[in-house]
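> Residue numbers (the numbering used here), protein chains in the order written: chain A, 15 to 205; chain B, 7 to 304.
Hints are computed from structural coordinates only; laboratory data are not their basis.
It is possible that some hints are incorrect.
[What the hints assert, rightly or not] Stretch by stretch, here's where chain A covers chain B in the computed footprint (C-beta under 8 angstroms, at least three residues): (1) 51-58; (2) 92-105; (3) 270-278.
Quick reminder that beta carbons are idealized off the backbone N, C-alpha and C, glycines included.
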Amino acid sequence: MIDNKKYKAVVIGGSAGSFSVVSKILSKIDPGFSIPVIICLHRLKHVRSGLVEGLNIKSNIKVVEPNDKDHISGNRAYLAPSNYHLFIEYDNTFHLSTEEPMNHSRPAIDHTFSSAAQTYRDKVLGIILTGANKDGASGLKDIHDKNGTTIIQDPDSCDIDTMTKAALKLFRPDHVLTPEKIADYLNQLAV
Amino acid sequence: MARFLSRTMPSISSTEKVAGVSAGFGIREVKELSSVMAESTGVPYDHMPISFLKRRLSYIFKKHNIRNSDMFRQMLETEDYKARLFYDFPVDTTEMFRDPGFWRYLRPLVRCLSTNENINVWFPEVSTGEEVFSFLILVNELGIRDMVNVICQHVSEERLSEIEKGILNNRNIQLNSSNYVRIEGSGVFEDYYSLEDNVFVLKNSLLKNVRTVRGHFLNTGAPKNTSVIMFRNNMLYYDKEVSERSIAGFWDALLPGGIIAIGAKERIPESFDAKLECLNTKEKVFKKHGFEIIWSND
Numbered sequence: 015m016i017d018n019k020k021y022k023a024v025v026i027g028g029s030a031g032s033f034s035v036v037s038k039i040l041s042k043i044d045p046g047f048s049i050p051v052i053i054c055l056h057r058l059k060h061v062r063s064g065l066v067e068g069l070n071i072k073s074n075i076k077v078v079e080p081n082d083k084d085h086i087s088g089n090r091a092y093l094a095p096s097n098y099h100l101f102i103e104y105d106n107t108f109h110l111s112t113e114e115p116m117n118h119s120r121p122a123i124d125h126t127f128s129s130a131a132q133t134y135r136d137k138v139l140g141i142i143l144t145g146a147n148k149d150g151a152s153g154l155k156d157i158h159d160k161n162g163t164t165i166i167q168d169p170d171s172c173d174i175d176t177m178t179k180a181a182l183k184l185f186r187p188d189h190v191l192t193p194e195k196i197a198d199y200l201n202q203l204a205v
Numbered sequence: 007m008a009r010f011l012s013r014t015m016p017s018i019s020s021t022e023k024v025a026g027v028s029a030g031f032g033i034r035e036v037k038e039l040s041s042v043m044a045e046s047t048g049v050p051y052d053h054m055p056i057s058f059l060k061r062r063l064s065y066i067f068k069k070h071n072i073r074n075s076d077m078f079r080q081m082l083e084t085e086d087y088k089a090r091l092f093y094d095f096p097v098d099t100t101e102m103f104r105d106p107g108f109w110r111y112l113r114p115l116v117r118c119l120s121t122n123e124n125i126n127v128w129f130p131e132v133s134t135g136e137e138v139f140s141f142l143i144l145v146n147e148l149g150i151r152d153m154v155n156v157i158c159q160h161v162s163e164e165r166l167s168e169i170e171k172g173i174l175n176n177r178n179i180q181l182n183s184s185n186y187v188r189i190e191g192s193g194v195f196e197d198y199y200s201l202e203d204n205v206f207v208l209k210n211s212l213l214k215n216v217r218t219v220r221g222h223f224l225n226t227g228a229p230k231n232t233s234v235i236m237f238r239n240n241m242l243y244y245d246k247e248v249s250e251r252s253i254a255g256f257w258d259a260l261l262p263g264g265i266i267a268i269g270a271k272e273r274i275p276e277s278f279d280a281k282l283e284c285l286n287t288k289e290k291v292f293k294k295h296g297f298e299i300i301w302s303n304d
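Only chain A is shown next, with the shape it has when bound in the complex (with noise of 0.2 angstroms):
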């Protein structure tokens, strides 16, 4: 069952383990997918390169680590830079910031998803994935409050359901798909 809204951004957050999945997603995705797809991974503060290039050897659809205040446009992927919080600002910019770490990661899940919930409300999808902490729970909640779409990756398809389970606790989400399944529901959404 698919929605038909009219979505402004995918946002999609994880860590221990997200790297194989968010890649499988973007090797499965329609080339012609026209929503700005926007990723925060937990990564290493001092390691700056090799996971957007890491990315872009399947992705379907350029991979690109934004610089702050670049507009976000559709049919790209935009991944948060190392050691930079990644938001979304209410002029469809990215900003980034220095501040302090959240759930000990900066990127921090929670402030890229809680900041697509303040500026895209219900025209946004947040998906969490895989990932040892439990960042990126309370930012998916924020995008439920606003009556965006949730998708949790089914815990038994993660390397480690700490983050997808802790979103599970706080609210029911859209749906449970594995990382096939969510390749699958994004080819259809309405573009």
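Based on these hints, arrange chain B on the given structure of chain A.
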């Protein structure tokens, strides 16, 4: 769209909110408050990103036990409170040798700039001392500490006092140490500081020739004849208009061939494309046209 579950869900429990974006302020209220703050202090708070202002105002209201906007406006009328705001509002989380690749790139560049003459280095808006202290260690290891004059600037007298004393953030000392290893420094990081009354303090000898200036750089003007301007991750907190004005002022202050360093994920406004040469696209180091930098491998 009807919400549905793909499988049986566990029971839902309530939890405290942990996410960082405050929903407590509306956009209009944030704009009004930032205008009042700017008018009352001369600092361009009204040119900061809305989402950032929301988070910082939430933080300030909580930290200062402010119950509502009217109370905040009243407090802004006193100089004592403004001093407190100047100290607490700016983002103060940084680390020494953040982005080690940047410092490895800067080291030979500064050595080239300082050949045979003293150089002036300006930090227009220091968030804490860590960035300045990193620079001082770098030039000390180059053997040119006596040839470098440093001016660092901030709106908070208290913050500047901490820098003058060389106070380090205890919490980051391990991180600072591991970053130092990554810049491949020639010394031992632990030799650069000592523990005094449970506070880590930079060696006093490193702080020679450091001058502090209180005030916002857009209001005070820029020191002339500057060779290096360190403005990393400051433009993040301003809009394009203030960013443009900032770079214009920096360009005026720079000597021909002088350099500006900005954050790895910041951009120099396009209007300066022809005026500033990008020396390193990854580390975001730019040079004012005028003199060629003669690289040396010494």
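> Which of the stated hints cannot be reconciled with the structure, identified by number in ascending sequence?
none
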